[in-house]
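Keeping their order, the protein sequence lines are chains H and V. Quick note on numbering: the first sequence equals residues 1 to 571 in our numbering. Quick note on numbering: the second sequence equals residues 1 to 349 in our numbering.
Read the hints as simulated data drawn from the structure, not as lab findings. The structure displayed is predicted, hence computed values, not measured ones. There could be a bad hint or two in this list.
[What the hints assert, rightly or not] If you anchor each label on the Cβ, the simulated ranges turn out as follows:
1. Gln48(V) / Leu321(H): 49 to 59 Å
2. Asp219(V) / Ala264(H): 48 to 58 Å
3. Asp114(H) / Gly335(V): 14 to 24 Å
4. Leu321(H) / Asn72(V): 52 to 62 Å
5. Arg262(H) / His164(V): 28 to 38 Å
6. Gly223(V) / Thr46(H): 32 to 42 Å
7. Gln48(V) / His166(H): 30 to 40 Å
[Stated by the list, open to error] Here are the computed lysine-lysine pairs in the DSSO-like style, where the Cα-Cα straight-line distance is at most 30 Å:
8. Lys76(H) / Lys229(V)
9. Lys151(H) / Lys317(V)
10. Lys278(V) / Lys195(V)
11. Lys195(V) / Lys151(H)
12. Lys448(H) / Lys507(H)
13. Lys389(H) / Lys464(H)
No residue lacks a Cβ here, since even glycine has one placed at the ideal position from N, Cα and C.
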Amino acid sequence: MKLGIARKLALLLTLVGALASGLTGLYAYQSSRQLLIESAQDKLLTSTQVLARRIALSRQEITRNLGVLARHPASKSVLQSGDAAQAGQLSTLFCLLMAENPSYFQIRLISASDHGLERVRVDRQGDALLEVKDDELQEKGHYPYVAETLKLQAGEFYLSEIAVNHERGTYAGLDEPALQLATPVTDAGGTAIGVIVVNIDLNGMFSLLAADLPASFRLFLANDKGDILIHPDARRTFGFDKGRRVLIEEEFPPTRDVVEGRVAHVVFDAGEPSGSDVPVVAAFISQLVEIPSHEQRLILGLAQPRAEVVAQAHQLGIAILQIVLGLCLGCLLLAALLARAFTRPINILESAAQGFASRHPSAALPVERQDEIGALARSFQKMQDQITKQLEDLQNNQQELEHMAQHDMLTGLPNRRLFVSRLDKAMAHARRYGGEASVLFIDLDDFKNVNDRCGHDTGDIVLKAIAQRLLTMMREGDTIARIGGDEFVALLGASTSHDQLVAVAEKLLAGIREPIDINGVELKVGASIGISRYPQDGQTVSELLATADNAMYTVKARGHGGFRFSSKVAD
Amino acid sequence: MPIPHPNRRQFCGALAAAVPGWARAAETLRVLAWPGYADADFVRSFEQKHGSRVEVTLIDSDLDLWTKITANSAQDFDVFAVNTAELQRYIRKGLVVGIAADSIPNLARQRPRFRDLAAIPGIVRNGTVYAIPYTYSEMGLIYDRQRMASAPDSIEALWDERYHGEVIAYNGGTHNFSLAALSLGLKSPFRLDDKDWPRAVDRLIALRRNVTGFYTRPDESVGLFKRRKAALMFANYGKQQLQMCKAAGLDVGYALPREGALAWLDCWVVTRGARNPKLAAAWINHLLEDAPSQALVTRQGLGSTTSAESAGEAGEKLRWLQPVESEEHRNQLWGRILSGDRASKVLAS
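Extracted from the complex, chain V is given alone in its bound form (with noise of 0.2 Å):
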């Protein structure tokens, strides 16, 4: 007599059963994003939840993420954090999809100020949602309180000859022009007209002259501000590099400057490769729980969208950021800028 066995169903129900989450182990979610967004410790829990694997690419630069989304069509990552200015292109290109808001119950979580997501320019379009809100900052200016007797109140300290070689400022085209036309009091600093490009650029050689060194990422900034002995600090990161600086001993200040600071407002964005987008939604969700919303304050000194506003934050000038005129020629310039090339060598065409 043939010895009784179980059926298929029984049998995966069996193995399924002993290993939790097996059927979907080969699923793996893949991450772009900023130094901070994607503790190792967030990672690992959302593994256990979803078992899924989690794999985190970080990214520096606005033009570093640009090339990596559009090196393959958006078809290597499933998720990635982008501030509303540089979203534009994205969508622009079709290189992000809609969410569904109801795929992300944490939303209820967030402040009503971000939960009106219609109310945020650039997030949605033609009543698409394209883009979750998650963190934000302004991008302020860190000084050293032992060589600056009192905080710098304008970007142009950056220029300041009196801190020839201890200025430390970020390596990104797109913000450092920003930062030129606010130093050149333009209109807007997003929108440069042609008589504007040659002064901008005369503006970031001059700034290059000024700095001792240009950094991406926020540990480096530290390491530079450090090794070089720096006076003042560009923040692209804001209070992030800001609590570096302090946790790694160094006696800092921080500092808004009067021209208006700018300001990034980072959204998780789902992208047209992604493979499971409901599994991208549980990313977004998952981030948007207490603790790495707590994290985001704690760890990473920065805003989040589902905590209480901290002091004064409302009162501040901010010049959120905005799509600029276009961001391939703004980085283009600056490559060379950065490469040490002359005004007449930067804008030949």
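The following block holds chain H by itself, in its conformation from the complex (with noise of 0.2 Å):
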């Protein structure tokens, strides 16, 4: 298919226009969703240190809880006299407690004598409390929450490393994820005489502290040696206690800044977690325990599905695409009105030009315009006018030098040439139609003597003076011509009769001989006439301007002018 220009041009607007709105759209699209993806990471760290401040806000209510308990007078008074009635009292404190408190799976007062033997105990057995009595009570000494609690201070706490807890006798806590929060009951001298343990759900605390975060959050915690203890896959957790150790900072590189303390938090986007399905954004902080542990710090994570994050972006993106979509077909239309504004001056000029060329008149050019169109318009036009008057210029020009070639240029009468081709014509008229042509060879007398006594301008004007005559003389359709210095000859095309030649002939020699006045002078030439007949005298031009020649001279050699016929022939 040929392209115009105003196709072309429309072609290259909306391709042009189609790139820029594509180009920004994607790159609105892109920065949006990487925005997107940084304020996910924003949120998330913010969630995350929520989240964080949550634990230390839990724990701290734990520890006030212990605070109050090991302060309570009945635990003094159970651990230094074995108060039954106290311990019944203090157990109820306990039930109470731990109603209120889901994540609690067991509290206790142990005391610091018989081997760590415990006074009060309640467990947690599925929904129920259990308070554990007299021979199920346990020696517990040799645990470190019992041994390294009692090297406290009052108010002081102990808090264990989270673990798998194995200790027989917790039951709805065996073998779940675990941490103990300790501290030690002391007496009026502040000799610890005993602890306070209540032992925490893990993942029950952190499910309740995580309750309010969105559904598709994943809570992940680890501890500073980066063994995983909280993870989404419960098979991914507790590594250590299983025999072979799974590390955050292997399921997410970025966290191994935080893991090594080299950070405080980090924040990324994780293309392809191994272990995990989905690719998440995240946000990791290192969390200080400002209890003194075996842990000094704690890493607490959430991540959030990146296709999540990402959906935010899709319908940002439908939206970007139909803006996008609707400035292509803007550019279109645009394009198009501006291709068409553009090429309708162009197509007037090119009718234009056609219709200069074909000598059509062409339809009124934009001239009035002030751009550059009108500019051409007026370039155009002024042109066309150029080459219009130079045509004009140049067809007079021919005209006349087309005179020239058959006109005599002194006295204007048909030359040579053309007086031959115009006998030419009325002889073949003859021929076809059976009619015939006369000549008439007119010789001036004694012309040359005019032109040596009175010069050749005088002459001149004579000759001219002479045609005139015989041109007003000469009948319509009938030719004079001027074929020499001082000859001329007359063609009469139709049948004429003898006579009439006769009287053309007289006619002619009469005119010839009237007075010529030249500045006041009168001037008298006469003339010698040979005639010549078609077809009598002659078949060919040449032959009849011959004979009719060879008449004249007879005449002219006869010395005082008139006329003779070639030959005699009676009409």
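Now that you have both chains on their own, put them together as the hints suggest.
Here is the structure:
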């Protein structure tokens, strides 16, 4: 398909428009997607920090509860005197606290004496709370939460490492991830006489803390060595307890900096975390444990499926796509209009040029426009005008040349060439239609004397005057031509009788002999005329002219003018 | 004209040449080992050599090992390390299979004492070789030289009230009952009679009351020793722990009690669930190479079956572990003792 400039222009404009809007759209989409991811990361980081704060608050609450229990007079009296009634009260208090705090697996009062014998103990067993008594109470002095807590001052707390609890007797908490918080119970002298220990359900506590997080958020917790403690896939937690460590930095390499303590937090966009099937956007922070503990820090993280974050970008993408398509359509329309606006004047110019070439009148050119097209139209019109004028001049010149080629310069009469042509035509006509043609060869007598006496200028005036007279004397359709200095020929086309020819010859002679006034001097010129007729005097132009010429010379030889026929053929 | 292309065999050959070990890459050797037996560098060199992947799971007690192996009838692992005494119940239950000695050329590198497999109790049964000796140690006493003027000469030191709250012991039922039997002067620490149980249980409760804590992993024991400022520790892992304590900057000594030190010989065995027994044998052979054997001595402080005997070793009074009357019973009772139950509860059926 041949593409016109309008189509090309429209196509180009549309392409440029589409490209510009497409690129802008793409950029807008990508940067907004990046912004979304970044904002999701910020949001995750904030959520993680909020969660960490909640953990701290939750831990503070636990320590507050522990503190209250440790300072409770019943605790001291049970440890010092083994008061059963007080033990019952304390047990009720434990039950109340555990009922209020579902993440407490167990609360115990353990004595420093009797090898760390438990004095009051409440276990959670399923949904029920169980008061453990008498023989069921165990000696716990060899467990770190007793051995190490007893070394603390009043008001100080022990926090165990977070581990899977294999300690038999903690019913609901057996083989569950747990941590222990403990504080010493001191006597009046400040000596530790026992400890209050609470066993916390790690998963329970965290699921409570994270309960109002969006359902798609995944929670991660690792200890300061990077061992994963909480993970959406429970098989990946507490690897060290199963003999094969599973580290958070192996699943999310960017967390290595947090685990190794180089940074306090990290946010990242994990394309394909190992072990986890979905790409996530995540934030991890390192939280200092404010209680002296085996663990200096915990690493807490939240992750959100990337698809969910990008889903918003998807909607945005569709909106952007619609805008881009709209813009493209607008571009197309605008391009078509623009192309038309550009090409219409060009088309007018083009048709003007074509019309000019074929000499058709062209439409009005847009010369009134003030732009380049107006200038072009004006230039074109000027050029058109110039060319038209030059063509007219050329035609005039040509006509003049043609006239000059066929006419005598001096007298304006047809010259020999035109005469021969007309004679030829007349003879052809006569041959065809059975007519006649006559040639009168007229030679001025003694014209040489006029030239010699009066000068060539006068001669020329005489010739002009005679030519004029001869012309006026000719009938319409006849031709008078000058074929030499003082030689004229007349062609009488239609059939002319002998008498008529005689009359014409005499009339011509009389006309020539009329005096010519030149600056008050009258000049008289005579003439000799030879007459030849077609077909009897010759079959060709030159024969006819030659016979007329001969007849004229015969007259001239007689010396006093007049005329003579080449042949005496009667009518 | 069609472009000639290599046939499938040529193609696969080219691919296999381009990716060494490609065909075997999917293969994973599942190793169950004690701390220090499968260091990362030797795992890596094995993986490179055999083009397979090694998945190491660590165990820290005989009970842990038994639990992991029996959990899925030995289908979860290919090869593991166990002492000759514990091995017996694995053989009895058909959890391990025989090993073709000729598949392990490095057996020739072992000292004659370990090369004569039939002479080592518990390794050969009915003419089938079930285990390849790897490393051994006695279980001595580690003591703080600042706190104890002289090296403890008896395991009684573990019960010594002077060190109340400064003793660290191992959390393992089988060994602890043997320890109690030794301290009670019983005929055999590995065979407790019905009448011996209450005494042994009392002895272990007394031990529990004297200690500040129990450990399972060697690194855990070092941390505990340091943190609790302990005076004495029963070293279940022997000199491996001694070496680690010293590396941790502790001024410690090592002593073998006059009652005789319990000693274990750990062997590599192949499970009946082994996917590729040849690869398992290659693993055992690999660990008997010079470098891993040397590392056992230099890094872990353990005895290697391929290097020369250390001075004085032969003269020490060692009680090589023997199968006990019932691991299950011992572990059950020990579980109760550890939880803090008193004697009546422990012995309740």
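key: Consistency of beta-carbon spacing, Ala264(H) to Asp219(V), with hint 48 to 58 Å   = 28 Å, violated
request  = Quickly compare the C-alpha distance for Lys278(V) and Lys195(V) to 30 Å and report which way the hint goes.
outcome  = 47 Å, violated
key: Given hint Lys151(H) paired with Lys195(V) - CA-CA distance at most 30 Å   = 40 Å, violated
message = Can you tell me whether the CB distance of Gln48(V) to Leu321(H) sits inside 49 to 59 Å?
response = The hint (49 to 59 Å, Cβ to Cβ) holds, given that Gln48(V) and Leu321(H) are roughly 51 Å apart.
ask   = Are the Cα positions of Lys151(H) and Lys317(V) separated by 30 Å at most?
value = 39 Å, violated
Distance restraint between Lys76(H) and Lys229(V), which requires alpha-carbon spacing of 30 Å or less = 29 Å, holds
inquiry  = Need the status of pair Lys389(H), Lys464(H): alpha-carbon distance at most 30 Å?
reply    = Violated, at roughly 34 Å.
query = Does the Cβ distance between Gly223(V) and Thr46(H) fall inside 32 to 42 Å?
reply = At roughly 36 Å between Cβ atoms, Thr46(H) and Gly223(V) fall inside 32 to 42 Å, so the hint holds.
query = Do the beta carbons of Leu321(H) and Asn72(V) sit within 52 to 62 Å of each other?
reply = 54 Å, holds
message = Just to be careful, I want the Cα atoms of Lys448(H) and Lys507(H) compared with a cutoff of 30 Å; is the pair within it?
response = 23 Å, holds
task = Check the following: the C-beta atoms of Arg262(H) and His164(V) are separated by a distance inside 28 to 38 Å.
result = Given about 44 Å between the Cβ atoms, the range is violated.
query = Does the Cβ pair Asp114(H), Gly335(V) satisfy 14 to 24 Å?
reply = Given range 14 to 24 Å: holds, Cβ gap about 21 Å.
Taken one by one, the earlier hints fail for this structure at numbers 2, 5, 9, 10, 11, 13, listed in ascending order.
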